[in-house]
Every structure is written in structure tokens, then in C-alpha cells.
Amino acid sequence: DAGSSYDRFVQGDATALSASQRRGMAVFERGGCATCHSGPMFSDYKLHRLGVPDPPGAARDLGAGGGTFRTPSLRNVTRTAPYMHNGALVDLDQVFGFYARVDRRLDPDLARVRAPTPQEAADVKAFLGALSDGTFDTTVPTSVPSGLTPGGAL
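Our numbering numbers the first residue of the sequence shown as 2 and each following residue consecutively.
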């Protein structure tokens, strides 16, 4: 994903991130986001229980063993709404609101998560935008090997 501003920054281009993006990166780390969204792909690839609500009218999805779901990568995240395993949250502001109210007893890693202020949220969104690669293929396929119907917004 060498096409992202973030990758250019970590490769030594100090000008690749704006001041807002650098502040957002600090909030991301300080606010506990990097506990689960870590490494080069911004995921620990572990299963976590978050208590994400099911969308109205949707069947209950218990995930892998009692409501746990794998941490997704945050690469190109600003292009992949809706969010969470079931698309229950339509934008990043809803994601921040969810984590501000999440039951921290559901998963030990949630104890580190802190809700951002409005300015911090704007900076984190700017940082997350820096994880996007301009060469990312946004084409939604007409079919996938599993036979499931492709969806989402790319």
C-alpha cells in the first residue's frame, strides 16, 4: 500500500502528512485505537467482542463464538463505509460515538479506548484518510468465489 500518504510518511517523507493527520495519528495511538488496529495493515487480526448492535430487521449475527469478530484493517477505511462487521454504523462519526459508549467489560482491550473530543475526531478522520491509497481499486465485483452477493460501498 505504498501509495498512501501514511506509507510515504513512515518511509521518511516528513511532509507526507498534514498537521491534522499527525495530530490524528497521536490521538489514534493515545486513545487506544492502536491496541487492536496495529501493524502495517492496522489490524491485530484477533477476535474481539464489542457488542455492535444488529441493524433493524437484520438477523442476529453471533460471529465466531459468542459474538466475536475479527479486527478489520483500516487501510482505505474512508472508502469502505458502512462500518463494523454488519454495516450497522454508517460513518466514522457513528463509529467514534459507538466507542464512546461501548461496554468496556466486553473485551479487555476496550479498557484502553478513549472517546475523542470533536477536534480530535476530526484529526483522527484526517489521519485515517492518510491510510488510503489512490490506486485502490474501488470496483465492486459482480460475484465472489463464495457465491455470496457482494455488497458495500467502495
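The hints are simulated quantities; they were obtained by calculation from the structure and are not laboratory data. Each hint should be verified, as a subset may be incorrect.
FRET-style restraints, in silico, Cβ to Cβ [unchecked claim]:
#, residue 1, residue 2, range
1, 135, 106, 20 to 26 Å
2, 116, 148, 24 to 30 Å
3, 67, 14, 25 to 31 Å
List time: in silico EDC-like cross-link candidates among lysine to aspartate or glutamate, alpha-carbon distance up to 16 Å [unchecked claim]:
#, residue 1, residue 2
4, 126, 92
5, 47, 92
6, 126, 30
7, 126, 104
8, 47, 94
C-beta: ideal position from N, C-alpha, C; glycine also.
Earlier hints that do not hold, by number: 1, 2, 3, 5, 7 and 8
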